[in-house]
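Hey, can you work out the whole structure from these sequences and the hints?
The primary structure of each chain is shown beneath.
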Amino acid sequence: MSRHLSGLRAWLLQRLSALYMGIYLLIFLFYMLFHAPADYQAWRDTLAGPWMSLTMMLFFAALLIHAWVGIRDVILDYAHNTALRLGMLTLTSLALLACGLWVLDILLTVMA
Amino acid sequence: MAHNNNKRPVFLNLFRIHLPVTAVLSLAHRATGILLFLLIPVLIYLLHLSVESPQGFHQVQALVDRPLWRSLVILLAWFLAHHLFAGIRYLLLDIDIGISAAASRRGAWVVLFAGVLVMLMTLVMLL
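Those protein sequences? They're chains A and B, same order as listed. Numbering-wise (the numbering used here), the first sequence opens with residue -17 and increments by one. Numbering-wise (the numbering used here), the second sequence opens with residue 1477 and increments by one.
Hints were generated in silico from the structure; no laboratory data involved. Fair warning: there could be bad hints in the mix.
[What the hints assert, rightly or not] Rough simulated footprint, nothing fancy, chain B against chain A, three-plus residues with beta-carbon under 8 Å:
1. -1 to 12
2. 45 to 59
3. 76 to 90
Even glycine gets a Cβ: it sits at the ideal position worked out from N, Cα and C.
Have a look at this one:
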């Protein structure tokens, strides 16, 4: 994983994911400001739309990639002991992977 | 790592090193990034709770009414806004906008104040 998300590629992914999240958040906030879901059913219907769920899945994908590149940089900067470094990187990647599966499960359940 | 034979004194008293505003911004970008990373599971949990049942939906809605959670939302808005604005500044620096020493310092102050402004706006909205 770290081989594919390092160097120039990580640098680029960090910026692309940031751009997507920035634009997404702007649109999402405005949408919520003017179409605030009145109740539970309205909120579920909003999320179940293909456009909404797809862009939200992409948002979380961008968020998790962005978090991985950022936290990986922090760990590489401060954890110099190889075992500690590997342990922290493993824990972080597993936690982010679990978050990704969790969101996927939530959104797929809402769509079903 | 190269061996350091240099006998010059090392001065690392963080309380006496003067940090320029651009360095403060860089530190804050990293600190807010770590905090936002730690909040990812909380965010996903709230999403889960809000779609799970009508009760959960109302629970999430009612969170903002509690002083502790309201403060947390206001802080989160501040961290997120700061991280976002500082990130936009870095993207602009990448394409050589505001890259001069004076402009990058000005940009750093703008980011700091814009973050505080969003925090205050959230505060007013939730009061």
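We went through each hint and held it up to the structure:
| no. | hint | verdict |
| --- | --- | --- |
| 1 | -1 to 12 | holds (count 4) |
| 2 | 45 to 59 | holds (count 6) |
| 3 | 76 to 90 | holds (count 6) |
In this structure, none of the earlier numbered hints is contradicted; all agree with it.
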